[in-house]
Amino acid sequence: MSFALTSFKKDIARWRQDYMATLIWLAIPLLTGGLITTLMSSDVKPHGTLLLVDEDQTFLSELIVGAYSAGELGELISVEKTDFDEGFERVNDGGASGLLVIPEGFAQALLESEPVTLTLRTNPSQTILPGIITNVTEILLDAGFYAHQLFGDEIETFTSMTDDPSDAQVAAIAVAIQNKMESVAPKFFPPVIEIEIIEPPPQEPRPPLALLFMPGIILMAVVFSANGLAGDFWREREQGTLRRLVFTPARMGEFLVGKALAAAVIIGFVGGTTLVLGFLYHGISFAKLPSSLVWIALSGIALFAWFGALQMMFSNQKTASIFSMMLVFPLLMAGGSFFPLAVLPGWIAAIGRIAPNGFMAHNLTLEVTAADPWSISLLSWLTLIVAAAIGLSICAWRLRAGFART
Amino acid sequence: MLTVNELSKNYGDFVAVDRISFSADKGSVFGLLGPNGAGKSTAINCIAGLLKPTSGHAAVAGHDVVSDGKAARRNLGVVPQELALYEDLPAIENLRYWGKAYGLGGQALEDRVTEVLEYIGLNDRAKDMPKEFSGGMKRRLNFGCGIVHRPPLILLDEPTVGVDPQSRARLFDMVEAERDAGVCIVYTTHYMEEAERLCDSLAIIDHGKLIAQGSVDELRAKLGARDVLQLSGHFPVEPTKQAISALIERGNADLEFLAQEEDSITLTLSNASQHLPAIFEAVAGTGGSVSETSLRSPNLETLFLLLTGTELRE
Numbered sequence: 001m002s003f004a005l006t007s008f009k010k011d012i013a014r015w016r017q018d019y020m021a022t023l024i025w026l027a028i029p030l031l032t033g034g035l036i037t038t039l040m041s042s043d044v045k046p047h048g049t050l051l052l053v054d055e056d057q058t059f060l061s062e063l064i065v066g067a068y069s070a071g072e073l074g075e076l077i078s079v080e081k082t083d084f085d086e087g088f089e090r091v092n093d094g095g096a097s098g099l100l101v102i103p104e105g106f107a108q109a110l111l112e113s114e115p116v117t118l119t120l121r122t123n124p125s126q127t128i129l130p131g132i133i134t135n136v137t138e139i140l141l142d143a144g145f146y147a148h149q150l151f152g153d154e155i156e157t158f159t160s161m162t163d164d165p166s167d168a169q170v171a172a173i174a175v176a177i178q179n180k181m182e183s184v185a186p187k188f189f190p191p192v193i194e195i196e197i198i199e200p201p202p203q204e205p206r207p208p209l210a211l212l213f214m215p216g217i218i219l220m221a222v223v224f225s226a227n228g229l230a231g232d233f234w235r236e237r238e239q240g241t242l243r244r245l246v247f248t249p250a251r252m253g254e255f256l257v258g259k260a261l262a263a264a265v266i267i268g269f270v271g272g273t274t275l276v277l278g279f280l281y282h283g284i285s286f287a288k289l290p291s292s293l294v295w296i297a298l299s300g301i302a303l304f305a306w307f308g309a310l311q312m313m314f315s316n317q318k319t320a321s322i323f324s325m326m327l328v329f330p331l332l333m334a335g336g337s338f339f340p341l342a343v344l345p346g347w348i349a350a351i352g353r354i355a356p357n358g359f360m361a362h363n364l365t366l367e368v369t370a371a372d373p374w375s376i377s378l379l380s381w382l383t384l385i386v387a388a389a390i391g392l393s394i395c396a397w398r399l400r401a402g403f404a405r406t
Numbered sequence: 001m002l003t004v005n006e007l008s009k010n011y012g013d014f015v016a017v018d019r020i021s022f023s024a025d026k027g028s029v030f031g032l033l034g035p036n037g038a039g040k041s042t043a044i045n046c047i048a049g050l051l052k053p054t055s056g057h058a059a060v061a062g063h064d065v066v067s068d069g070k071a072a073r074r075n076l077g078v079v080p081q082e083l084a085l086y087e088d089l090p091a092i093e094n095l096r097y098w099g100k101a102y103g104l105g106g107q108a109l110e111d112r113v114t115e116v117l118e119y120i121g122l123n124d125r126a127k128d129m130p131k132e133f134s135g136g137m138k139r140r141l142n143f144g145c146g147i148v149h150r151p152p153l154i155l156l157d158e159p160t161v162g163v164d165p166q167s168r169a170r171l172f173d174m175v176e177a178e179r180d181a182g183v184c185i186v187y188t189t190h191y192m193e194e195a196e197r198l199c200d201s202l203a204i205i206d207h208g209k210l211i212a213q214g215s216v217d218e219l220r221a222k223l224g225a226r227d228v229l230q231l232s233g234h235f236p237v238e239p240t241k242q243a244i245s246a247l248i249e250r251g252n253a254d255l256e257f258l259a260q261e262e263d264s265i266t267l268t269l270s271n272a273s274q275h276l277p278a279i280f281e282a283v284a285g286t287g288g289s290v291s292e293t294s295l296r297s298p299n300l301e302t303l304f305l306l307l308t309g310t311e312l313r314e
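Respectively, the protein sequence lines represent chains A and B. Numbered by our numbering, the letters in the first sequence go through residues 1 to 406 in order. Numbered by our numbering, the letters in the second sequence go through residues 1 to 314 in order.
So that you can see chain A by itself, here it is in the shape it has in the complex (with noise of 0.2 angstroms):
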């Protein structure tokens, strides 16, 4: 086996004054991945601006500033105070959400039921943030009414003292409030709707999204270049080298596992490098990186092989190249590079675990998400070396049966 090791060290020697082509082989997917990460972690949540005249300086005026800014509203919109020119050059400058002007004189017409007129003057180049302020203002005036319907005595004695209340004042307004609260509770609670509640059948947590990305495009790394690899066979033949080893005592099965071998160090490389940023990016345990690269190897030497059967069928090398990257793209997408088999309907998801890449992507997904390593099964780890050997050995025969000769 010492012309294996001889092939092995050349191929080695020639990857590496190709690293452009390396540098594709992980770009891509590594591009493709880290869009789709970001996309599926992501949780900035909107944020806007609410610019607020507030013409009126009352209590009540204060209050509808003041809810705005409470609760997780205020994680979206940040009031800001300005006087009318300003905030309207400013939303009108696409520089704000929204500006709401609280005229002169508010307080005192809702307090007498008078008509009011609150402006509200919105950012038409948003769609989402004007649309909450605009409803948090209906829902503040219709609150407003409501609670000028139910407590307009109280309030109006409130609003009308001059000096500060007395302490029984306060308390006296306190317990007229609360009598009113109890002879209304009974209507509001409970509700007069009786509400079933069904719990959901308890289910095991699901691994992130963004996660089960990463197998599919680990796959895609390895296909690609498994593809590309393949593609040296056509190279040594225009060079005329292959042509050039049947005239030596070497031995084609040798120079082929030296080729193979090279395609798994090289394919290890390039799935390892997106399998080391995917398991620091989503915190997987180490303990599962020797399973998984030793997976992708293999998994790489299977796709060298038979792309490389594949490529060997046709009489001319564009032709080949051409065919090669048509089944590339169809594969990925079979195979749950661009979505993940385990979100996808079970029908499809069972049509793509029969692709290739489909079914090393599903065991790499077993095994970065199970709870030790080496948890790809006996019968799968077999069902790849098969089918590395089988596309190993459609190579060695055309390799002899003429495609080394001519």
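These stretches of chain A come out as covered by chain B in the derived footprint (C-beta under 8 angstroms, 3 or more residues):
| no. | segment |
| --- | --- |
| 1 | 4–13 |
| 2 | 235–246 |
Label pairs and their computed distance ranges (CB to CB):
| no. | chain 1 | residue 1 | chain 2 | residue 2 | range |
| --- | --- | --- | --- | --- | --- |
| 3 | A | G402 | B | E193 | 31 to 39 angstroms |
| 4 | B | E193 | A | Y19 | 42 to 50 angstroms |
| 5 | B | S67 | A | I390 | 26 to 34 angstroms |
| 6 | A | L35 | B | K131 | 33 to 41 angstroms |
Here's a subset of chain A near chain B, in silico, CB distances under 7 angstroms, partners left out:
| no. | residue |
| --- | --- |
| 7 | Q17 |
| 8 | P249 |
| 9 | A250 |
| 10 | R405 |
Since the hints were made in silico from the structure, they are not lab data. What you are looking at is a predicted structure, and each value in this text was computed from that prediction instead of being measured. All C-beta atoms in this analysis are idealised placements derived from N, C-alpha and C, irrespective of residue type, glycine included.
For chain A, the structure is supplied; the task is to place chain B on it using the hints.
Then chain B, alone, in the frame of chain A:
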């Protein structure tokens, strides 16, 4: 060192090589000559084990190329017509790789690689990639890869095609040096001057058949001292034939008609220059005319013309 016996190679009904036999000895250059498509490369590929002969045998250092192919290939160095190099592997790594393919290893390989680099004049470019080399340098490296394992028999298949004169001269020197070192070289070419310079013995092949074989001197003797005279112009076929036959009958016994077409005739005869007036007169008598005359001294090229009636480079 090389014995070829009744070797044939057929592709369906097409006979590419037709029962050729020859042998080549140590310390000699054996030339296999013929025009493009004559069957030279097919014969070489059968000897090298690339093609399986349809019938017949070839043996390298006593090992049959089919039944004992591995041993035969161990004794054989092939320098293919097309370059066969890893363009993205340094020159020294190319030599190491092909040395290992022939079973060399360790210090012996390193010593031999250094020696070959010196020999082919690339020791100062050993770590450079062949893709950066000129055509001539690539040819030399191609040659080096074929001899790195010190084969007792080297097959050189048209090694000078597309090579500049300087590299060609260097290649000739290398071939001669190998021969002087006791190596047997089989050299295929369609350049007669190369064969005349390098080869100790020759076989001329055309349409897959050997049509002449022997040393350069023996083959020259077949021509005798006759020149080859080629006339271009207009020559009515039958009258010209009759006029030339009449010349032969009038005492020009060694005059021979090699080829005739409407616009050219090719003749061979001794002291052709002295007979030119008589020949021109005979042609004029038929109503023909001569626009161009070419007179060549006897050489392998004219021998090929004599044997086949066609130019070697056609």
